[in-house]
Amino acid sequence: MTDIQRYSPVTFESSVKESEVRDNWKIVLAYQNEGPGPWLVDLGHKTRWDLQDSQIDDPSQSGLSVPSSPGTCFLAEKKLINRMNRTQTAIWHLGIEETIIPDFNGFTDVTESTVFLALFGPDAFHVAEKLTALDLMDPARTTPFLLQGPLCHVPCQIVILERHADMSGGFIMTCSRGYADSMVQAVLDSGREFGLRPAGETRFADWVRKVQNQTSN
Amino acid sequence: MKRLRQFPTLHIDTNETRSLKYRGKSLQGFAGDTVATALYANGIRIFSRSLKYHRPRGLYNLDGESSNTCMEVDGVPNVRTENTLLKDGMVVKAQNVKGSVDHDLMAFIDKLDWLMPAGFYYKTMHKPAAVWPVAMKAIRKAAGVGTISADYKVKGRYDEIFLTADVCVIGGGAAGMMAALTAAESGVRVIVLESRPHLGGCWDYRTGAYKENKPLFARARELAGQVENTSNIRVFKQTSMVGAYNNNLITAFQVGKSNDAFTERYVEIRSKSVVVATGCIERPLIFENNERPGVMQVACAHRLARSYGLLPGEAAVFSIGHDLGLEAALDLFDLGLKIRCVADIREDGHDAGLLAALAERKIPVLKGWVAAKAHGCKQVTKVTLATLDGTVKRHIPCDLLVASAGHTPVNGPLILAQTNIAYDNHSGFFLPKKLPEKMFSAGWMTGRSHPQAIEASGQVAGLKALAAIGVTDKTAVFAAEKEAAALPGIDRGCKLVTAPVKGRKSFICFDEDTTIKNIKQAIDMGFDVPELIKRFTSAGTGPGQGGIPGHNLPLFVSKYTASASKPMPTAVRPPLVPTLLATYAGAHHHMFKRTPLHASQKKGGGIFRNIGVWQRARYFSSDFDCKDEILNVRNNVGLLDSSTLGKFRIFGPDALKALQRLYVSDMSKLKQGRIKYSAMCNDDGCVIDDGIVIKRGDNDYYVTTSSGRAGNTVEWFRYHTRYDGWQYHMVNLTDAMGVINISGPNARKVLKKIADADISNNAFPFAGYREFTVKNTIPVRAMRLGFVGELSFELHVPSSYMQSVWDMLMAAGAEFNIKNFGLEAQNVLRMEKGHIILGQESEQRTNLLDLGLGFLWDRKKTAAKTVGAVALRQAENDPGRFKLVGIRMQDDARAPRDGALIVDTHVRGYVATARKSFTTGEAVGMALVESQLSKPGSRLEIYEDECNEIRLQARVVPMPFYDPDGQRMKM
Amino acid sequence: MALTLTCPICGKRNGYEFRYGGEDKGSRPDEKGLSPADWCDYVHMNTCTAGVQKEWWFHRDGCGAWFSTYRNTLSNLEVDRPEDST
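Protein chains in written order, with the numbering used here: chain B, 1 to 217; chain Z, 1 to 971; chain W, 1 to 86.
One chain only, chain B, in its complex shape:
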């Protein structure tokens, strides 16, 4: 009998130091030699939902409070809620707890649709400015905020979670799943001069905890 395993579209060449299996996913908690950062972490196993409804601002329908204007986000208890447009919101689970999709027809589980990556640490935004003309450092926006636009000409959803004047900080992003190999290749290539390396879920969890404890921007 063949084992059932769920595969993320992202594979890193680094040696695994520690991993665990959850819900048939083999999740890397840490790689060898993750270095001082910046880091690239694969979040492919984390649940993502799409919520669309014409009355999306009314939480009594979906059970979920969503930010009121496109481009704004809530980060609450490891759930990142991104308002995309008049009728659509993305929900990205950043923790490790099991999730149950609400019984409301506006929700679609889109975990499988996209690559889900985090890029954070020193020089994170120096890497980003080689990948896109989008202004991730725009001083007029406060973190966390959502940009819908291209990285390497591939449409992405990018949420900037932390940002400092020295171009350190970080963001997380999704794009169409099929682009995983080429997107990871492009990001690692661009980040090489800054020491960008793959890291595991633990480092990501530590970062998110730190971000949540700080006041944003």
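Warning: the hint list may mix true and false statements.
List of simulated lysine-lysine pairs, DSS-like, C-alpha gap at most 25 Å [what the hints assert, rightly or not]: (1) W:Lys25 x Z:Lys865; (2) W:Lys25 x Z:Lys861; (3) W:Lys25 x Z:Lys657; (4) Z:Lys860 x W:Lys12; (5) Z:Lys137 x Z:Lys87; (6) Z:Lys393 x Z:Lys367; (7) B:Lys26 x Z:Lys603; (8) Z:Lys865 x W:Lys54; (9) B:Lys26 x Z:Lys775; (10) Z:Lys657 x W:Lys12; (11) Z:Lys438 x W:Lys25; (12) W:Lys12 x Z:Lys861; (13) Z:Lys272 x W:Lys32.
If you are wondering where the hints come from, they were derived from the structure by calculation, not from laboratory data. Since the structure is predicted, the reported quantities are computational estimates derived from the model, not experimental observations.
Place chains Z and W on chain B using the hints.
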């Protein structure tokens, strides 16, 4: 050659040697040298031979305005050695020489210049017409400068960077630095671009006074230190601006330092405001033999000494028209250069202090005199000076002639941004008359040379840039303007265009060997404006792109035509500075998509092709006819990865309205558990997509599309419903689910081993849709379709589980020897069933009815305003339309190539897909032909490329070619 | 790429992020009484204004919104209102 050492303006580090190879010898330079200065330091005076006349050319300026010093460096031709920092071990070669630079065998052409007046090739080389092909080959061989092999692979890393700024300053001289510092005070994001490896501009090498006891170079260093220590200013050195576009999009190229991660990179900046402070280059003095080695511009001579420690010669004559010439003469004299004479074009207006200093050193100054002719061929040996009217002459021996008529603002960036430029009589400069919105100019390029005035203009520009973006207000600007107005204004410029000469060897453009005589010839022939003259004589069209003739050409034309209207400069276009194609390409990350099964398909022997943005397995063996793959599906069971199919959830109260608008069929009566196959058309009635629709619940549908259209489907739906205000939602699930197509008579036997459901023909008939699990864990959406014409199950599986399901099916199918099949096999299998692939069996002109798919169209639902319905109705009875037909070759030996034409006296259609079928043994295919040829039995003649007039014979036959009753897929 | 467009959801972006959707010609006309020439005009014929025109754009690399905006075809710059024509 001995270097001057120990003074603060030097940019070379005499502790760090660097060597280069030239003509078999190893020559030594220092860190900070350019290739040109290193060669000069080693006594090289002839750097190249000119394009047409093969005249010896030397170092004339130091910023690459001409191609005199373009050489091949490390195999790369046309490298501007004046702008290229010396790296240890570079291999340098001269270009455009037959023999050596010193003894070029083509030099005799110089004496034949009278055979080659302006535009001579237009007149001579095409009469009779047979002459031209011969002449063309000869010219191509002789023309051009550098050579490159077609196999050459560029070395290095090329990258790209995208920046956003509030103020972008182009030019890192005093004015630019002041503008940047002023703007940065408000906290906004500032970027400075500077071409040279250091900030400082034209003050960098000058010991003249800025203020009291501070020389200009010290002030330049001071400002540079402030700029580089301001955290909100990002400085990019060795970065030349190349393009300016709408909304202040600025592009530039940056050359990397040895410790940078890139060799060169493309820089793109979107800035709210732009300040252009690019300073000036020199306007060449035009006289006979004005381009001999040994003739050079003022800044070139001055910087050779002050920046590179090289005295440019032994004994010099100066022929200049501005105070910078006097200043340079003084400084160079004090550094050890003998100066025989300074001829100044001006009768008056000189800086008294400079004149006094020259007199103190007993350097003769001739006012109202100018160089008329340089003597010597490979090197200047003597100069003839003349009064401006040419009546009195003097001959003075020298080995260096420092010559300059004046200055030219570097207007390229302003012109690219569509600034209105006009000639200013006082300065002789082309100055901006009307700047574009949010772009400002500052510094020397505005005509001011006084140090405080330059700094003040930078401040004003910085404030204007801030005011334009609302960060400061007009009062700050007015205050700064008022202060600036109290300072010295625009200098009076020298207006001399040429020395008093006939101009036969007075070169207005060095790159193209265009002389004053040629310009006069062109004007005499009737070309009356600079733009035409430029092209007819090719002046300014060489690698220097107008660096030498840009200012002089319009001035001379204006003078010679005695035009009443003001001179106008010729246009410039991006890139302002030449660079490698590799730099434009930047990082060029190749972005493509892979299916969840990519790795295992590859391991299974898949041979991939790029189809749109996807990489897909086309073949699974070296047999590109795919015989085994095809017969395995027909007789056994095969697996195909169809993951690229578009998949969408469409839901919401108006979802049905949207489906009715976009699909030609009536979607209102969809039954759950059954598949509806339909098509989408465009407003011309042409089929743009086909796929299936499944109803999963109330107002909740699952829709598939072709792979090629998946990326456009949401856009397409939203476009055609954009005025309606309907409430419906779409989720793109194309990548969320992989698709496995298990096809063949044994398909059910394999699948039932892993499916948690009854998949017998009764429980799951053809055209049915079922949802079940695999191993009680993996949710699967399954459909029975007949694309390849065998028993098939199309399994939609969440992408992360795809590999597991695939592995299970491979294991379950092992007893049947289950095999992969690829896109080519699928292509043939479906062709045998007469099933179309959009784009293959259809094109721009083929509508739904032409393809025989009219049965999909519900004509009655007019209220839906279905996209395509109007056109279909209107075109229904049009004669001569292309129709899709099946064809059978008269000779079954082989099928025609895809795309072969169907002809009689005209082209009547073409073969879409044709193959010799392994299944039936017949050579068959699908074709599009004009309607009068579309009846079964019609004879067709097929014309293939390179068929040597032998046409293939075929006739129209009914489709499908295999299993016409469709029994196999309904098993 | 120089052209910038203001997406109603994302704000001002590089023109290359968008796909042009044609001049605004209003919603599709009723089929009743529509001649082939009328239909061809609606689908294919353009006014080609030398000046400010109302047109549709799709934010292909971003949020996927379809929106209409005004652009001066002579300067290739987006303008705020149709009255802004110089």
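How the hints compare with the structure:
no. : hint                : verdict
1   : W:Lys25 x Z:Lys865  : holds, 16 Å
2   : W:Lys25 x Z:Lys861  : holds, 24 Å
3   : W:Lys25 x Z:Lys657  : holds, 22 Å
4   : Z:Lys860 x W:Lys12  : violated, 44 Å
5   : Z:Lys137 x Z:Lys87  : violated, 37 Å
6   : Z:Lys393 x Z:Lys367 : holds, 13 Å
7   : B:Lys26 x Z:Lys603  : holds, 22 Å
8   : Z:Lys865 x W:Lys54  : holds, 24 Å
9   : B:Lys26 x Z:Lys775  : holds, 19 Å
10  : Z:Lys657 x W:Lys12  : violated, 33 Å
11  : Z:Lys438 x W:Lys25  : violated, 34 Å
12  : W:Lys12 x Z:Lys861  : violated, 41 Å
13  : Z:Lys272 x W:Lys32  : violated, 51 Å
Of the hints listed earlier, those the structure fails to meet are numbers 4, 5, 10, 11, 12 and 13, in rising order.
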